[in-house]
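Colleague: No gaps in the numbering here: position 184 of the sequence shown is 835 in the working numbering, and each next residue is one more.
A few of these clues could be false.
Straight-line alpha carbon distances no greater than 27 Å define the calculated DSS-like cross-link-like pairs of lysine-lysine that follow [unchecked claim]:
id : residue 1 : residue 2
1  : Lys679    : Lys745
2  : Lys808    : Lys681
3  : Lys681    : Lys859
4  : Lys808    : Lys679
Now the in silico label distances, taken between C-beta atoms and shown as ranges [said to hold, decoys possible]:
id : residue 1 : residue 2 : range
5  : Leu671    : Asp737    : 18 to 24 Å
6  : Glu858    : Gly661    : 38 to 44 Å
7  : Glu760    : Leu667    : 27 to 33 Å
8  : Glu709    : Gly746    : 29 to 35 Å
9  : Ala688    : Glu756    : 20 to 26 Å
Just so you know, the hints here were simulated from the structure itself, not pulled from any lab data. For each residue, glycine too, the CB sits at the ideal point set by N, CA and C.
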Amino acid sequence: MPALFNDAGGDFPIRLASRLCMNLSNNKPKACDIFAAPAFVQPLIRSISQRFVSLAGELVDDQRTEVLETLILSLGAMINLAEFSDQARMSVMKGGDELVVALAEIFVEGSERAAMADSMEESQSSVAIGYLAVLLGNLCLNGTVRREVCTRLPGQKIDMLVDKVREFAQYNERVDRMTRGQFEGEEGRETWQNFTIRLMLVAERLEKVER
652 MPALFNDAGG DFPIRLASRL CMNLSNNKPK ACDIFAAPAF VQPLIRSISQ RFVSLAGELV
712 DDQRTEVLET LILSLGAMIN LAEFSDQARM SVMKGGDELV VALAEIFVEG SERAAMADSM
772 EESQSSVAIG YLAVLLGNLC LNGTVRREVC TRLPGQKIDM LVDKVREFAQ YNERVDRMTR
832 GQFEGEEGRE TWQNFTIRLM LVAERLEKVE R
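Please take these sequences and the hints and turn them into a complete structure.
Modeller: Structure below.
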């Protein structure tokens, strides 16, 4: 399974594995545990970090689009797992804090850049940072992960992460209003609305565990 996330194979195997994981694990706690072992989670997290690094570099439009698509799919798969599976959250810490530290640092640096975004490329990267905030929010439902992430956040508090998750949920809510009627029927609209609700729940759950 780790070979799927090896850059030598290109982005297609990563997108394939991420899409499969998303489809099977979406809002399904028992299915999440199937993918929750370190053997799947850690290569997926490394792939996410590597693609954030790639986005920060110089890429032609086609390359950027491909990297961004793979990144969003990978983040979506990992968000699903971390939402319901504490085993998946702990798998990120198996063998050390390197992976969590990398994600937290990318989040902080990316949030700073997003605040000053003045180009289409930077705005697209800002959306990826929004998904990363949601992923970190779900991972931080585990106390061990949360303590490690907080050491990398301003003031060593969870507040910035909660704010960014709420901000991303509000962004999705605006997109929902602006694109209403463009989805394929009532089911499409309901899926988008449910996604926004799930984002808000991430922030609410984080606030509860911090009380």
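Colleague: Each hint needs a verdict: does it hold in this structure or not?
Modeller: Checked hints:
1. Lys679 / Lys745: Holds, because 23 Å separates the two Cα atoms, which is no more than 27 Å.
2. Lys808 / Lys681: violated (31 Å)
3. Lys681 / Lys859: holds (24 Å)
4. Lys808 / Lys679: The given pair, whose Cα atoms are some 30 Å apart, is violated under the 27 Å limit.
5. Leu671 / Asp737: 18 to 24 Å: holds (22 Å)
6. Glu858 / Gly661: 38 to 44 Å: Holds, at about 40 Å.
7. Glu760 / Leu667: 27 to 33 Å: Cβ of glutamate 760 to Cβ of leucine 667: about 29 Å, so the range 27 to 33 Å holds.
8. Glu709 / Gly746: 29 to 35 Å: holds (33 Å)
9. Ala688 / Glu756: 20 to 26 Å: holds (25 Å)
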